[in-house]
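Same order as they appear, the protein sequences are chains A and B.
One rule links them: number in my numbering = place in the first sequence (from 1) + 14.
One rule links them: number in my numbering = place in the second sequence (from 1) + 76.
Treat the hints loosely; a few may be bogus.
[Claimed, not checked] Chain B residues, not near chain A, derived (Cβ > 10 Å throughout): (1) Phe-156; (2) His-165; (3) Ser-246; (4) Arg-268.
[What the hints assert, rightly or not] Okay, the calculated beta carbon distance ranges per label pair: (5) Asp-152(B) - Glu-422(A): 20 to 26 Å; (6) Phe-356(A) - Pro-168(B): 50 to 56 Å; (7) Asp-287(A) - Arg-86(B): 50 to 56 Å; (8) Phe-356(A) - Glu-257(B): 49 to 55 Å; (9) Asp-301(A) - Asp-140(B): 50 to 56 Å; (10) Phe-356(A) - Gln-128(B): 20 to 26 Å; (11) Gln-128(B) - Ser-275(A): 41 to 47 Å.
Keep in mind that the hints were calculated from the coordinates and are not lab data.
All C-beta atoms in this analysis are idealised placements derived from N, C-alpha and C, irrespective of residue type, glycine included.
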Amino acid sequence: MTWFSSDSSLCTCVCVTLALWWTHLVLFVIVPAVLGVSFGIRSFYMRTLLKVFKWATSRIETGAKEKNEELYKPDCTGKSSDEMFHVKSLTLARLVGIIAKGRAAPLQELRSTAGSDFELADVLYFSRRGAESIVDDEVTRCFSAQELETWNLLTRSNYNFRHISVRVTALWGLGVLLRYTVILSYTQVIHHQIDHHAAPQVIHSGQTLRENKPQNGGICVANHTTPIDVIILANDGCYSLVGQVHRGLMGVLQRAMVKASSHIWFERSEAKDRHLVAKRLGDHVADKNKLPILIFPEGTCVNNTSVMMFKKGSFEVDCTIYPVAIKYDPRFGDAFWNSSKFGIVSYLLRMMSSWAIVCSVWYLPPMNREEGESAVEFANRVKSAIASQGGLVDLVWDGGLKRAKVKEDFKKEQQKLYSKVLVGDTETEK
Amino acid sequence: MGSRASTLLREEEIEEIKKETGFSHSQITRLYSRFTSLDKGENGTLSREDFQRIPELAINPLGDRIINAFFPEGEDQVNFRGFMRTLAHFRPIEDNEKNKNAAPSEPLNSRTNKLLFAFRLYDLDRDDKISRDELLQVLRMMVGVNISDEQLGSIADRTIQEADTNGDNSISFNEFMKVLEKVDVEQKMSIRFLH
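Could you put together the complete structure from these sequences and hints?
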């Protein structure tokens, strides 16, 4: 008999919980979303989380001090994380890293004038530059998640935070419980219901200039960090997408989307044929009835600290470019999709079990290619605009370096520079 | 909790590396994080390909020679200790005064050891001599196709002539040190760590 009654009380408990949960959902999420009203719960949630993270990190620091060790903290520019996040100027955003690198060209460092003799000591210059790049380099940094100053209680973001006291561990455990049960299930429900008014996790921090929104017949370009970029932009307007055909879950999604509106999906082999790409893009923008194209000219996901080289293909098409800068706040969860490490499903799981995904989207004034400006120069101009708005570092390196080796030509350039040091700028070089 | 790196570095290991190389605790942990991010195979060692994946290193004319310096004779993998030992050559020299645990033998970043590192970049066959041929090969790496064979040959000849004091037509380590006597090796071959 006792079995039966505990069974039914268990049932009651479950039913009550579910009922409460649904009511809560309807009252606090769906209705306000539909009516466009906000309870301010999200900002309260964010502020609380930030306070907790700061506390946890300071506990870890105290722990470190007790053992008389220094805690390594990345991005030590002396700015607080709030300032780092909202910073827009390019100079401040340059990531400091672990070492100070010399940026002088070989000529300045090695000699005072060109055309002087070879010295055995010249090899010291190259070996130091080599060692510096082994310790820290601009490119590989872009393809792994950004390191944080304060620990956000996610194991995946724990690089260097040792000395974790009992209290912090307890908090971490609570966090795990919270994230994987409540938040994860929350998201799934929301995605079932309405997907446009953002799951409680995806929070826009406004700052969009409405009049700069992309129009038909134009191309919208943005920096790329994650597939979620598309969802965020699509929340705010409709686009035609361009991209590589994927297999698996992504492929299914892509085929489904094509049924709704015209998107342009390429096979990698086709993508190599630039003329074909340019033609398809050109045809699309010429048709004023078609939606603006959304392109990510970096060609791959980058970790949102920098903007890598923009491929010139989309800038060769003759139309207006609408640049968009997207910056994620890394304190709540790392949005970067490291496609060489995680597949899309495990990535989504990690996303949904982060504390929140917070991003800023800036719609920049439209740009057009100027007279006499080449596609590459135009691409670089747009890239700097996006980088400076988003507070990202502007790099010249190709995003393709994530998977491919660097071209031999760059090495030849370095060799040429050194040769100039030895023989000066004479015709005998050729 | 260590799902990120395959293992967080143990305290004893850090102490040992500290004694051997003179790096500080936070530098060691930071460099370990760098080591693991380069280690794509996640097996605790780096191969030559792992180094070549760094674009700035791949375009360095002496990139291959520098990478080679990390690998002991005949080996294809370097572990974290070896990695640190080689990088230790680039520590600034003045740091030694701060480090009370300095090894009784000469520290890895002494002037002599820095010069030895540079010497070994030239000494391709590791026979403790830089022959004319080796010098030519290294020169060719540095200048690429931009200088003719004859010109390069004369540069090599002149260099050996100036350095060689015992007339064996090659440069020994002592002769090498003599040539670089006046060079500020400490400054040219040190990496400025920010912590």
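Taking the hints in turn, this is what the structure says about them:
The non-interface label for Phe-156(B) is consistent with chain A: the shortest C-beta to C-beta separation is roughly 13 Å, beyond 10 Å. The claim that His-165(B) lies off the interface is violated: its Cβ sits roughly 8 Å from the closest Cβ of chain A, which falls inside the 10 Å cut-off. With a least CB separation of 13 Å from chain A, Ser-246(B) remains clear of the 10 Å interface cut-off, as annotated. Distance check for Arg-268(B) against chain A: the nearest CB is about 4 Å away, which does not clear 10 Å, and the non-interface claim fails.
For Asp-152(B) and Glu-422(A), the hinted distance range of 20 to 26 Å is satisfied, since their beta carbons lie about 23 Å from each other. Roughly 39 Å separates the CB atoms of Phe-356(A) and Pro-168(B), a value that falls outside the hinted 50 to 56 Å. Checked against the hint of 50 to 56 Å, the pair Asp-287(A) and Arg-86(B) passes, with Cβ atoms roughly 53 Å apart. Our hint of 49 to 55 Å for Phe-356(A) and Glu-257(B) holds, since their Cβ atoms are close to 54 Å apart.
Separated by about 52 Å at the C-beta atoms, Asp-301(A) and Asp-140(B) satisfy the suggested range of 50 to 56 Å. About 24 Å separates the C-beta atoms of Phe-356(A) and Gln-128(B), a value consistent with the hinted range of 20 to 26 Å. A hinted range of 41 to 47 Å for the beta carbons of Gln-128(B) and Ser-275(A) is consistent with their spacing of about 44 Å.
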